[in-house]
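Required output: the full structure, derived from the provided sequences and hints.
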Amino acid sequence: MLKDITLGQYFPGDTVIHRLDPRTKLLMVIVYIVALFLCKWFVSYGVALAFLATVIILSKIRLKALFKGLKPLLIIILFTAVLNIFYTDGTVLVEFWIFRITREGLINAFFLVLRIMLLVMGTFLMTYTTSPIALTDGLESLLSPLKKLRFPVHELAMMMSIALRFIPTLIEETDKIISAQKARGADFETGNIFRRAKALIPILVPLFVSAFRRADELATAMECRCYHGGKGRTKLKQLRYRRRDVLSLLLGAVLLGGIITLRHFGL
Amino acid sequence: MAVQKAVTISDLHFAYPSQTEAEPLRIFDGLDLAIDEGSFVAVLGHNGCGKSTLAKHLNAILLPEGGSVHVFGMDTKDEDLLLDIRRTVGMVFQNPDNQMVANVVEEDVAFAPENLGVPSGEIRRRVDDALKAVGMYDYRKHAPHLLSGGQKQRVAIAGVIAMQPRCIVLDEPTAMLDPQGREEVMRTVERLNREKGITVVLITHHMTEAIRADRVIVMDRGKILTDGTPKQVFPQVELLKSAGLSVPATTQLIYALNEAGCALPPDALTTEECAQALYAMLKA
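Protein chains in written order, with the numbering used here: chain H, 465 to 731; chain A, 258 to 541.
The reader is advised that the hints may include incorrect statements.
Unchecked claim - Taking lysine-lysine and the DSSO-like style, the derived pairs with C-alpha atoms no more than 27 angstroms apart in a straight line are:
hint : chain 1 : residue 1 : chain 2 : residue 2
1    : H       : Lys-699   : A       : Lys-398
2    : A       : Lys-398   : H       : Lys-524
3    : H       : Lys-695   : H       : Lys-611
4    : A       : Lys-488   : A       : Lys-453
5    : H       : Lys-695   : A       : Lys-313
6    : A       : Lys-334   : H       : Lys-695
7    : A       : Lys-313   : A       : Lys-453
Source of the hints: derived by calculation from the structure; they are not laboratory data.
Since we're looking at a predicted model, the values are computed, not measured.
If you want it as structure tokens, here you go:
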């Protein structure tokens, strides 16, 4: 039952977007988010929308998958929209009881919803087209200047990749523990919320004990394979910027510049 | 010059600090052992006899309290040699799940050479060679949790071979595997020993695996009980039983028949040899 959880929402493929260097994609997402927050009026939002649409078409990711990612955020999106509709001053369109809907409020709400949707879809597009390992490698490489400030960049990246590696193993183990406790007569399905929460204890305790034991064994195994931190470490797959990466980054710069210019003219 | 010694242990003393009692838990009190380079040694013993502790001394995971451990002439106490020692003596553990670091097979095999700072092109070559040596090359892009136990353990072995070690220590590598996985791992280990000349130290409690080694060392309470070729060791049925070990089914059968008055050769270890001996007796 737990095995059905999809992890690291990565859709393997071989498009230009998939082949981009993970660092390029990370940078582009940051640029895109900044650009979104600088958008002011319909024209700039139109440009941002067109940009994302092009990337979606290039990546061959189905729109359905992207909208699925938006679903959990539906409540937040609706909430911000409602707040904006009712709490913005301006030309009044409708008024009843203590509520007042303004023209500005409607436009603001529309922009906010659009902004959140574009932001979330843009970020999802990156995780959909980049394998978790590549993403970790990219992050490590991008953050490496922070090593000079003694920020543990390598250690964080290592933690992330080990966590990703052990998620399926621990899920499998949880499944086994649930079955074992059920076989001993544990009841997870009845009772109120407190009772059910309490029923989780016999699952969590063995899971944690086993996770600690695994961590201990893994540490020894890593030491045996000469792990001694990030110093002097090389990589099987070296990250390399190619022409398409340079082009994409230039395109990102143009997008950002364009949005800033449009903002200047209030568009 | 005689064969070089892969491992030389002299007068090893070691104890684990005990958490419940004041007395530390003594494991070794003056253990001496030498292992020739290129040999295939099986270490047998009951639980808690010190086999795993011994294994951990061979690549400086544990350091001796007294006496010394030398691997290929390097003293494990010398901290400057730590990486050289660990690269020379690779270690494979019981649970394959708990020794894999990456979530793609080839990335995992690349872990050790990456740590050693080997250039990318060379890592690629070593990873491919190591995966081919254990017969897992076709699975290089797979996620480890989708492999069978035997396959995972072979990947773990490949991860060690990628360091190009001269000796591999396997600490009960087949304990969690099904018979098929056990056979896969044993074949891989034997091939590495024969074809690449890698010294193998196999810690096990499966008698059928120990029969395949050149030399069997039986341990009991931190001491070497008996040491020799399988044909010398296994006929000592009473001694082995006193150490809480069972003997191979073939040896058990011959022992029982000889007790009952037959005269069978006690060193017929494999099923084939045993069947031959029985055939010869029945024919006579």
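We went through each hint and held it up to the structure:
A distance of roughly 16 angstroms separates the Cα atoms of H/Lys-699 and A/Lys-398; the hinted pair therefore holds under the 27 angstroms criterion. For the proposed pair A/Lys-398 and H/Lys-524, the alpha carbon gap of about 23 angstroms is at most 27 angstroms, so the pair holds. For the proposed pair H/Lys-695 and H/Lys-611, the alpha carbon gap of about 11 angstroms is at most 27 angstroms, so the pair holds. Proposed proximity of A/Lys-488 and A/Lys-453 is supported: the alpha carbons are some 25 angstroms apart, at most 27 angstroms.
Of the pairs offered as hints, the one joining H/Lys-695 and A/Lys-313 holds, with about 25 angstroms between alpha carbons and a cut-off of 27 angstroms not exceeded. Restraint check for A/Lys-334 and H/Lys-695: satisfied, since their Cα atoms lie roughly 23 angstroms apart, inside the 27 angstroms limit. In summary, the hint linking A/Lys-313 to A/Lys-453 is supported, as the alpha carbons are separated by about 23 angstroms, within the 27 angstroms threshold.
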